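Residue numbers (this note's numbering), protein chains in the order written: chain F, 1 to 575; chain P, 1001 to 1186; chain E, 2001 to 2051.
In short, the hints are calculated from the structure, not lab data. It should be emphasised that the depicted structure is a prediction, and the values quoted were computed from it without experimental measurement. Positions of the beta carbon are idealized from the N, C-alpha and C atoms, including for glycine. Hints may be right or wrong, so weigh each one.
Quick partial rundown of chain F residues pointing at chain E, CB under 8 angstroms, derived from the structure [what the hints assert, rightly or not]:
hint : residue
1    : SER152
2    : LEU155
3    : ALA186
4    : ILE199
5    : TRP230
6    : ALA296
7    : TRP304
8    : PHE471
No more than 20 angstroms apart at the CA atoms, straight line, and that leaves these computed lysine to aspartate or glutamate pairs for EDC-like [what the hints assert, rightly or not]:
hint : chain 1 : residue 1 : chain 2 : residue 2
9    : F       : LYS270    : P       : GLU1011
10   : F       : LYS477    : P       : GLU1133
11   : F       : LYS148    : F       : GLU224
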Amino acid sequence: MLDLATYDYDDDGFRTCGVTGLRIHKSAEDMVKLFGVTSIVALAVGGAFALFVAMTRWEVIGLLPPGDFYQYLTIHAWYLLIFWMVFMEIAILYVGGPFVLGRRLPLKRVSGAGYGLMVLGAAIITWGTWTQELPNQAPLLTSYVPLKSPTSFYLGVDVFLLGAVVAAVPFLASIWQEKRETPNQALPLIAFGAFITSIVALEALVGGLITYVPTLLWRAGFLEHLDAAWYRQMYWIIGHGSQQINLLAMITIWYFLTHVLGGAEVASEKVSRTAFVLYLFFINLGAAHHLMSDPAVSTGWRMWNTSYAAYGAVIASMIHAFAIPAGLEVGRRRKNKGGGTFGWLWSAPWKDPGFSATILSIILFGFLGGTTGVMMGQMQLNMTWHNTLATPGHFHATVATGTTLAFMGLGYYVLRLVFGRDWIGGILATIQPFLYAGAMGLVCLMMMYLGLLFGVPRRHPSVMDIPGSAFDFAPSKPFFAVFGIAALLAILGGALFVVVAVGTLLFGSEYDGTLPEETPLPDGGASATDGPDSKAAHAFSMRGTFILTMVFFLTFVVLYALNWYLLSQVWTIGP
Amino acid sequence: MPGQSPLDRPEGDWWNTEVNRRETLWLGISGAWAATIFGWMLGWTQVGDQNQIGPTYEVPPEQYQNKVQSYVDESGTAEIAGEEAIVPAGEDVFVGAFQWGWDGLPVVLDAGETYTFHLGAYDVQHGFSLRRESNLSQQISLQMLPGYEWELEMSFDDPGTYHVVCNEFCGTGHRTMHGKVFVRGD
Amino acid sequence: MAEGTDTDATDVPWPQQLLESEWLLAGAAILFFTLSYIVWGLIDLLAIPSG
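Chain F extracted, bound-state conformation (with noise of 0.2 angstroms):
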């Protein structure tokens, strides 16, 4: 199946990567080249329809009829929130578990199930959203109940999501066998992510089925009624849980890539771990923001379930913040690439692609995604976030920055090292993380503006325009000027990526295998010696890690208090 490599396989089918000495099966990576190809598709095509949401809602090109709108915007939700998220979470699974751990996929054939049922739903959904007719209303990512979309959409859904629990069952069977050949035995740390990103898209996963199969069932008409908030409720589980998969995806990307291109080790395992577990227990109580400014749900459950249990989660996410660049510095200083507070940074490999793509994903998922989140999760704070385009303004932070950069890297180092393939273009594939990131970053901050300075509603084609009204936004017209050109750029970087990663596949020359060497600073860092006398990560410094984190820290303090100070100007509300 899709033999593009130029690798061989030993007789048992496995082989040694020159790069990370991983030992893989030709079961597994299979299985990654097809999910991975797969949702780089799925991104043109949602990144395609970016095009034309984008230059909608920037009025001044005013490109669709309204009508047509939420058509678009349901297809461009569908394919970069959803598709392109979860092909490439079913790969990174397969490449934490077997991969890593040197093993064959399991039950390969139920993988190709799982990748086929998540293939007819993706069809169908796209199918019934395309084909709609009054009275169906375009489902956009929420189809919020009672409102009527195709019955085929809700099919399509359950379809895809069970091909997705299908085809994470290999990886778990994976991790089943591996404990039960080395019970006292850790798993690596990036495994351990990997596992724990499978537990919460099980968790996501399943209550997306327990959300969408009465909703079929009430569309096709066996059940009479179903309730709007139980709904709101239950389909968060999914809405919001898949996108704290990509959350933990995409950490443990951070750790697997920091490692392998910039020679990062981990600063510790101890730490590291509790973060995972942390997220484990926590992080899905998070689809409770969305039932902030909701009535129904009471305070306490708001609050409790909103904060990720007393913020629990966000300790986890701090953590991660910390672990991730000490890891990447202990391990140049390590290597003698250190020189100073931030040499260690400076001297790392800012022309890879796969590397940058990293490193811009933490920066903007931290200071724009990850802090915003945070915010408009308080339970008051809501109200000036919610269903604002400050909405969408974080999570194309989080996803579209965040995690769709680590993707990207990630896939430029499948390309190199799955596929066996060097990048066509040159310096294209060198600047595309920092155009797109750039790019993109701006987007998100115009809408975080237009949201929150201007109230601008999200999912609305003309708020220049409001028939039968003399109101209208028009004061935030220059910021969507910003929002519209910074959009045109942003898919243009997105393009380029898939450009270039088409290009490779197609028309790269072979890959041989190595990284380039680096070049070690004159003063690098703390010496290093192998043996037994060798510094244990802690005894390293991790003085510029500190200052990064604690500028970040502080950010988050401002931006944090600003936000409440916004909040305190809106006339009084509630006892």
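Dock chains P and E against chain F, hints included.
Just chains P and E, lined up with the frame of chain F:
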């Protein structure tokens, strides 16, 4: 290489390895920040002026529509800027969202008075998104669900015109839903 | 890529044993989520009075 790779299985007792001093400090900062923001959110319910806390009632959509209609019937009217606005008889203000308009709007209120807003939808989910015309940053959004009536107290210190748009997609006429709340000064 | 050594269960402190019990952790987490998010929310919804 002696450093621990995230691709390798850690050996022996990895729990009792020392943690870097700065990393430990960061853990403390993270914990303190988590406690701070949790406490702040909780505390604002006691000392802050903006808390979307109010009782919810299960009310079938047709019944809620009747409630709104009764309220409109009992209310006065006033002409503001060429529009006929509802003047509530008491402190209750009913708003009913429907495909595609706002029952109960426009309404005229007095600045500084505390009103009990009743929010509900007649058909599908809608979004009650309210902002002050002369300062668009003064804006909030609340969800309106069919089958539920949400009572929420509100009082407006700043007179002027406030505009309501629907910000939950509710079908083809979604973008046409616009309403007004006039707040009269003293 | 170093092969990990097998450690006796007695050598290893209990927090490490816990963090190496992936299935137990997964089960406990799923149970916690079900109670904290789903069941508690459902109770809230069922407790809403008629208006």
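Outcome of the hint check:
1. SER152: violated (28 angstroms)
2. LEU155: Hint violated; F:LEU155 Cβ to chain E Cβ min 24 angstroms, cut 8 angstroms.
3. ALA186: F:ALA186 check passes; min Cβ-Cβ to chain E is 5 angstroms, inside 8 angstroms.
4. ILE199: F:ILE199 check passes; min Cβ-Cβ to chain E is 5 angstroms, inside 8 angstroms.
5. TRP230: holds (6 angstroms)
6. ALA296: Check passed: Cβ of F:ALA296 comes within 6 angstroms of chain E, closer than 8 angstroms.
7. TRP304: holds (7 angstroms)
8. PHE471: violated (32 angstroms)
9. F:LYS270 x P:GLU1011: holds (12 angstroms)
10. F:LYS477 x P:GLU1133: holds (16 angstroms)
11. F:LYS148 x F:GLU224: Holds - the C-alpha atoms of F:GLU224 and F:LYS148 are around 13 angstroms apart, at most 20 angstroms.
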